[in-house]
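A.B. asks: Sequence:
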Amino acid sequence: MPQTQTQTQPRPHAQAQSLPLRLHHHAWITDDQEANRRFYEDVIGLPLVATWTEREAMAGVERAYSHTLYGLADGSALAFFQFADPKDQEEFRTSINSTPMRHIAFKVEAGAQEAIRERIDAVGPADANPHVIDHGFCVSLYVTDPNGLILEFAVDHPDVEKIDAEQRTTAHTDLARWLAGDHTSNNRWR
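Letter by letter, the sequence shown follows residues 8 to 197 in the numbering used here.
Worth flagging that the hints you see were computed from the coordinates, not collected in a lab.
Worth double-checking, as some hints may not be accurate.
What the hints assert, rightly or not - Each pair of labels, with its calculated beta carbon distance range: (1) 186 to 80: 30 to 38 Å; (2) 107 to 191: 16 to 24 Å; (3) 80 to 192: 29 to 37 Å; (4) 188 to 110: 21 to 29 Å; (5) 42 to 185: 40 to 48 Å; (6) 165 to 102: 38 to 46 Å; (7) 165 to 93: 48 to 56 Å; (8) 66 to 165: 45 to 53 Å; (9) 80 to 45: 19 to 27 Å; (10) 186 to 66: 36 to 44 Å; (11) 62 to 174: 45 to 53 Å.
Note that the coordinates shown come from a computational prediction; the quantities given were computed from them, not determined experimentally.
For each residue, glycine too, the CB sits at the ideal point set by N, CA and C.
Given these sequences and hints, build the entire structure.
C.D. replies: Written out as C-alpha cells, the structure is:
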C-alpha cells in the first residue's frame, strides 16, 4: 500500500493568505420563504439582510426565483432559494438523507444558545426537535429548520484554546492511527 502524506509526516500549515477568509454563504432550497423568514429572523435571530428577485437562464430555461440571505456576525450568511414555478422548485429541490451527521454548526456564546432554545420552545415550529449534546470540547444545541436542515449552535469548552492547540499538534497522527484501525476515543473532555 502506498504511503500517504498523513502516514509519513504532517503537512506544513497553509499560509494564512492562501486560506479562505470565511464562509461567504451556505445555500439551500426552501418551499416557503415567509415560513423560513419567521424561523430564521424571528426565532433564531438572524436578520434578513438581502432579498434578490431574479430571472436567469439555467439549463437552457429562463427561471424566476427569490434568493434570501440571513446574516451572521462575521458577514457570512445562510442563503435560501425559492422558484416561482413549482416545476422548477421540484427540479432544484435539495433532497437529503436526514442524518445528524449532515448539519451546519455555528459558534455561539452560552447566552445566545439559551436564548435560541427559549425562543424555539416558546414559538418555534413543533418539529424543530431542539436537543443539547455535550461533546466535551463543546456543548451543542441542535435544531431542525422548516426545510429539514439541521442547525448546531455550539458553545466552546472554557479551555478551547488549549484543546485546539493540542488537536492541531496531533491531528495527522490521530488520523493515521484511526485509518490504521485503532478506533479508540481521543476525546478526554467528554
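A.B. asks: Falls inside 38 to 46 Å, the C-beta gap from residue 165 to residue 102?
C.D. replies: holds (40 Å)
A.B. asks: Using the C-beta atoms of residue 186 and residue 66, is the stated range 36 to 44 Å upheld?
C.D. replies: Given about 40 Å between the Cβ atoms, the range holds.
A.B. asks: How does the Cβ-Cβ distance of residue 66 and residue 165 compare with 45 to 53 Å: does it lie in that range?
C.D. replies: 50 Å Cβ-Cβ, so the 45 to 53 Å window holds.
A.B. asks: The hint says 21 to 29 Å between residue 188 and residue 110; measuring C-beta to C-beta, is that right?
C.D. replies: holds (28 Å)
A.B. asks: Please test the hint of 19 to 27 Å on the beta carbon pair from residue 80 and residue 45.
C.D. replies: holds (21 Å)
A.B. asks: Taking 45 to 53 Å as the hint, is the beta-carbon distance of residue 62 and residue 174 inside that range?
C.D. replies: Holds: the Cβ-Cβ distance is about 47 Å, inside 45 to 53 Å.
A.B. asks: That 16 to 24 Å hint for residue 107 and residue 191 (C-beta), does it hold up?
C.D. replies: The hint (16 to 24 Å, Cβ to Cβ) holds, given that residue 107 and residue 191 are roughly 22 Å apart.
A.B. asks: Falls inside 40 to 48 Å, the C-beta gap from residue 42 to residue 185?
C.D. replies: The hint (40 to 48 Å, Cβ to Cβ) holds, given that residue 42 and residue 185 are roughly 41 Å apart.
A.B. asks: Indicate whether the distance between the beta carbons of residue 165 and residue 93 respects the range 48 to 56 Å.
C.D. replies: holds (50 Å)
A.B. asks: For residue 80 and residue 192, compare the CB-CB distance with the range 29 to 37 Å and indicate the outcome.
C.D. replies: holds (33 Å)
A.B. asks: Within 30 to 38 Å or not, the Cβ separation of residue 186 and residue 80?
C.D. replies: holds (36 Å)
Violated hints for the displayed structure: none, as all numbered hints are satisfied.
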